[in-house]
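Peer 1: So the chains spell out like this:
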Amino acid sequence: MTTTQPQKSPDSPVTDPLPSVGVGSKLLTRLRNLGGPVVGLVVMVVAMSFLSPFFLTSRNLSNIIAQVSDIGIMAAGATLVILIGGIDLSVAANLALTMMFSAWLFQVIEVPWPVAMILGLLLGMAVGLLNGALTSYGKVQAFAATLATMSACAGMALFITKGNTINGFPSWFSNLTSNVLGSVPVQGILLVVIYLLIGMWLRYRPGGRALYAIGGNEQAARLSGLPVRWAKTRVYIIAGGLAAVAGWVNISLLDSAQPTAGAGYLLNVIAVVVIGGASLSGGVGSMGGTFIGLLIIGVLNNGLSLLHVNPNLQQVVIGAVILAAVLTDRAGNRLRAA
Amino acid sequence: MTTTQPQKSPDSPVTDPLPSVGVGSKLLTRLRNLGGPVVGLVVMVVAMSFLSPFFLTSRNLSNIIAQVSDIGIMAAGATLVILIGGIDLSVAANLALTMMFSAWLFQVIEVPWPVAMILGLLLGMAVGLLNGALTSYGKVQAFAATLATMSACAGMALFITKGNTINGFPSWFSNLTSNVLGSVPVQGILLVVIYLLIGMWLRYRPGGRALYAIGGNEQAARLSGLPVRWAKTRVYIIAGGLAAVAGWVNISLLDSAQPTAGAGYLLNVIAVVVIGGASLSGGVGSMGGTFIGLLIIGVLNNGLSLLHVNPNLQQVVIGAVILAAVLTDRAGNRLRAA
Amino acid sequence: MSDDVPAPGPGGRALTGSALRKSYAGIEVVKGVDFAIPAGAVVGLIGENGAGKSTLSSMIAGVVLPTSGEMTLDGESYAPTSPSDALDRGVALIHQEIRMVPSLSVAENIFLGRLPVRGGKVDTGSMVRQSREVLDLLGIDLDPRRSVVGLSMAVQQSIEIAKAISRGPKYVIFDEPSASLTGHETDRVLDQIRRMAEHGVGVVYISHRLEEVRDVSSQIICLRDGALVKNWDRGNVPAPEMVSAMVGREFTFEHQAPEPHREDVVLEVRGLGRKGVFSGVDFTVSRGEILGVAGLVGAGRTEMVRTIAGADRYDEGEVLLEGRPVRLDSPAAAIAAGVVMVPEDRKGQGLNLGLSSAVNILQPWEREMGRGRFITNRLLNRAAAKSRADFDIRGSMDLPVVRLSGGNQQKVLLAKWLVHEPTVLILDEPTRGVDVGAKMAIYEIIRDCAARGVAVVVVSSELEEVLGLSHRVMVMSGGRQRGILPRADADAETVMQLAVPTGQQ
Amino acid sequence: GGSDSAGSAGTSGGASSAASAGGASSDYTIGISVADQKSLFYIAAVDGMKKAAEEAGVKTVVLSADNNSTQQVNQVNDLITQQVNAIVFIAQDATSAAAGVRAANKADIPVIAVDQKPESGDGKLATYIATDSVKAADALCTWMFEQMGGSGEIGILQGVLGATAELQRSQGCQQALDKNPGISVVAKQSANWDETEGYKAAQNMLQANPDIKAIFGESDAMAMGAAKAAKDAGRTIYTVGIDGFPTMITAIEDKLTNATQAQVPYVMGQQSIKDALTILGGGTVPAEQYQDTVLVTQDNAATIDPVQFYGPNVK
Ligand SMILES: Nc1ncnc2c1ncn2[C@@H]1O[C@H](COP(=O)(O)OP(=O)(O)OP(=O)(O)O)[C@@H](O)[C@H]1O
Ligand SMILES: Nc1ncnc2c1ncn2[C@@H]1O[C@H](COP(=O)(O)OP(=O)(O)OP(=O)(O)O)[C@@H](O)[C@H]1O
Ligand SMILES: [Mg+2]
Ligand SMILES: [Mg+2]
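Sequences listed follow chains A, B, C and D, in order.
For what it's worth, my numbering labels the leading residue of the first sequence as 57, then goes sequentially.
For what it's worth, my numbering labels the leading residue of the second sequence as 57, then goes sequentially.
For what it's worth, my numbering labels the leading residue of the third sequence as 769, then goes sequentially.
For what it's worth, my numbering labels the leading residue of the fourth sequence as 792, then goes sequentially.
Source of the hints: derived by calculation from the structure; they are not laboratory data.
Be careful, since some hints might not be right.
[As the list claims (entries may be wrong)] Lysine to aspartate or glutamate pairs mimicking EDC-like chemistry, simulated, CA-CA at most 20 Å apart: (1) D:K842 - D:D818; (2) C:K938 - C:D911; (3) D:K926 - D:E1079; (4) C:K1154 - C:E1136; (5) B:K218 - D:D969; (6) B:K195 - C:D1080; (7) C:K998 - C:D802; (8) D:K908 - D:D1096; (9) B:K195 - C:D1097; (10) C:K799 - C:E838; (11) D:K1106 - A:E166; (12) D:K1046 - D:D1096.
Required output: the full structure, derived from the provided sequences and hints.
Peer 2: Here it is as structure tokens:
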């Protein structure tokens, strides 16, 4: 019998992409697969615990989760989009638009708030549908298509209330995010649930697995009979819907909807995904990785505040940490970029 | 290695890319190859000439050129970076950093201005070198590497003067951009010269042509004996240097250096390149295309001003025009994406 | 022509087409073809490079839409608009160009598009089990859970075949499945095809290896310039008859390269190795000598020659060029030293598909051409015209290479490395996917090169090719060199004995 | 108490005189170049201008620079191209102010600067109407320090670093700090004028500084974010902002937050158009007109009508 025993060449470690058999080592393997970013996160957490007495308090940790939840929810959608080799620049503008739209429905049209929320969600998904249709049916580059919708969404968000902020949402709604379930804030739970659901979908469901195939080799996916265009469109719709959900969190947190909300979020959202090990050329990435990336950014921002770093220098430190995180991940990247 | 070469789907309509033989029709063919964007530009120019009596005045046209020159100079570098399949997010922050650095050298250290300019240029190139080294030797994803340097540059630009603006540059320098050579502003001439030089380099010189090879199939380029890593690094260095040159234009235009300069430029710069028909997956793009993209953005901004469109709606219009430009180019994109 | 259409198979089931046409930009590449693929039959499809075989198969499998014409499947009308349409109807295509998803495991690649689900989850266990079963059928010993990254072309091709077979299709088209397989693996593939046919599957088998076509087919059709020119209702058609139908004329081959200058050693490799991949490779190639390298899939041949050509690093041993030790640590260094390699994977590593043939051919030489002048299209086209004539490349030199047929792409790739005469020419599977005529032309080119004094190393999975071309044959197995045989001693049996890994039955 | 600075003196007279002087005023077109149309301050200022222009029967052309100083200089050039008679200029920052004014001077078009002024002094302004941000921040911080009893720890939420408003408001508060040695700044963080970012930054400040007694937000939005963060953390601290937006005033009334310095952009906008018409009619206006801010606290919030600051469109 012929042997074609695959040999792993030493310079490109091939990691097993399917879960190993051992049950106990499963978690460990998974963490190891995440590579550099996890190491970076652990180093940061340990360093912070020494540097600031406030860091390892349960209140602070719950703050961190609460602080990253809006970006995190958007990053969940962005992970999917990046997995299929796309990009969604409109996500932050979509958040602002859906926030203003729901708020306007509620305050001006006097639609009941839950209905207004749902309509906002639908608008977010509609923007996603437009992005998806343009990129997968219209064959427009994702960057160009979502740049256009970003611009349009941002303009419309301002247009709806001529720049005004809307306040006075139902108190039960603003109270939601003030509640803490056993020291975990509600939006943190929402975040984790979203990550778990999408993570399981990506890992265990054909629909989720298909995203890896599409991002890795779209032609192969098409030739294998996957409904590539619809799968891609659906991903943009999910990303749009999640932007609206992040908008809910934002409104609840501050009891206000501002048209410039999320203005600085876009790069953060994408950065979180990329720091988490996803490749912008598609096919590589995971919810676990994005979650780690999210925690890195969250711990970093929190830590820089706690440590009273000069605000001007904070950005320099952030740059250095991002670099450190991805450089430790470089070997992994090399493999995955293949 | 696995074959993941993106391949044009065989059912896409194929337009004849063969240049026609006639000498006179050469220009026409080239324009036609640029496709949708040119059509978009022409339509816009014609429409504007009807809609506003001020549009087709030489003063206004010269304004348009002057207005796009800083973004245009950065977009020249971005075109090269995008051609090799990379991206440079640090370009706008690099502009701010080099501006502040030169200005600080001039005002605080009292270095003669021309020397300070050159040192700024060198700093810009050094940032580019860092980007290039990280991506091509360090194998970090371009997005992550330049995101890190972007953050670091922006922070350092603020740090140099604690956020303060520097004024009082030599008057000969600020006068440069007020001068008009036969109705063409000086920075417009600089812009055109840069585009011509880089355009010819890309078209006619091995070093420039190599970028298409690298962007199209990096493996094949390496096996063809091209010094891929150095060629990529060099491109980032050029992009960094051009950011510094755009900084010169900015300082001369405003007679001041602010650390927040260029804050909103990044997406514009990349948008110009993408509207000009370049593909973010590399190997496709040209200086001519980027120049058209630049003019589209320039005419659009200028036109919306002249037509008194509601500022918030302007963004919606810009989104729509970007979409129209890339949608007409869609067939071409599909072809070129091969 | 319609009276040439073979009769439907047992039970009358068949996939048929009538007057199928396909044009690209007004140029008709398939010109009204009528065909029938009876269930249970193996239809060999032959034709020169660019004859339209892949285009015809793509239309059948829903990858491209016909410009006009009709198809029926088991008597019902059949007009697939996407590959998934075709797959739903039970029509599968093994594409000429291998397409794997690099981030997925072997098993997931095999089950791409139809992952088994149990309890709401992808059933990894059964997927791995079933994958292992099909891989075993094909004689591929591969862990289905590993990633496909780093697998050789041959293994990838086997996975593609496994993928199609495991779908249990009613009709399946194999578009050059054996192009990077050695005889050993090919035999297993052919066995599988026969077995499928026995189970009532209708098979189309496309190959340029006419022996295989003869071997497996129960009928053969031949395309020339997009038209169906010949239709045999038996498999054992003599090769010359097939060739003359394909090419439209008679032709002869066979001519040997002159004996090399043994005293002029050009390339000497001593103890070359890379940890975990191959080791202990020692050989010399003299001026004018052709050294063939044979071995089974995964023997480490590609890795070994890539190392010599500077594409990969080595951990041990040394390379001498004309007696001097050289350090070829990059392809650029190798090219500068006159060592060039034609890689096995033309799409992934050889060509830039979006650029024209002229640009591709002259890519490595632009620096030289551009010395002191502009590289204009005119200059390129003038320089490329010679290559075009020498290699008989069909298709305009301005067309992006992606639009040339597979064989012509291969010629472009060869032409690229022979623009300047190298000192050492390394060829890895030089005739992959090339038709008989072109193959002979390529052999001729290789021999001429040797005759002019170039030292040539040819890696090939086609035994006849290695045996026919080489002055000496080196055999590798399991990353080790098993021996070097002079031509006189090299026959299929000896080579195979050395090639099969020891300690394994 | 610091509510002694209320009111915007000497503006009502100008309006009627300009309107009556400009018999042929409907032929005039006044160009308005504004930094953006996202922030309520600028929206209100432009509303005021439009209102005044409408009353006087003159045309206006409004261009927004979307927070890009170079683009704003471009737009001033666009206005010059359109041959406007006067330019009302709300510059993105001191820099674009200088270059924009220079361009307008070259074309002999009078420039009425609002809110921002060229720093280097080159370029001639017809008049300059502004809030004294340094003074406003100084007064606000001084008030806050008094409330704190002259000692304790504070945090500062900065706007976009390097923005002129950020620099001036930081400077004003620094002046107050210099006068109050008992106060120490234990945390400083930029929240980019944004409420959500202000909330998050304040959350971290409160976490790291258990003794913090007050947070100065350089804008109302950030102050509101801080107030909500404090409330959610169960802490009672002073939070103050600058702007005087209607939502902030309501929040002060509701005792969510403590104070703001209200600016009067709507008034400033009206004033600028009136001044423009006066100048075009051959009249003269003072070179500098500083509009005082109004300190709004829980004591006077109920009596304040935000429409007088921001006009009817801002809610
Ligand atoms: N997308 C396309 N655009 C234009 N021409 C094409 C395209 N695809 C194929 N062709 C042309 O159609 C003809 C038939 O090509 P096809 O790939 O079917 O040949 P083939 O018989 O499979 O050849 P080979 O044996 O080399 O694989 C060729 O001349 C080729 O150049
Ligand atoms: N980058 C890589 N990472 C891991 N394994 C690799 C890599 N490249 C090759 N291999 C494995 O090394 C072994 C030797 O492969 P190589 O391609 O050199 O064999 P070969 O004799 O040329 O066979 P083929 O006929 O398939 O080309 C194969 O099993 C292959 O899967
Ligand atoms: Mg073919
Ligand atoms: Mg091989």
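Peer 1: Provide an ascending list of the numbers of those earlier hints which the structure does not satisfy.
Peer 2: 2 and 8
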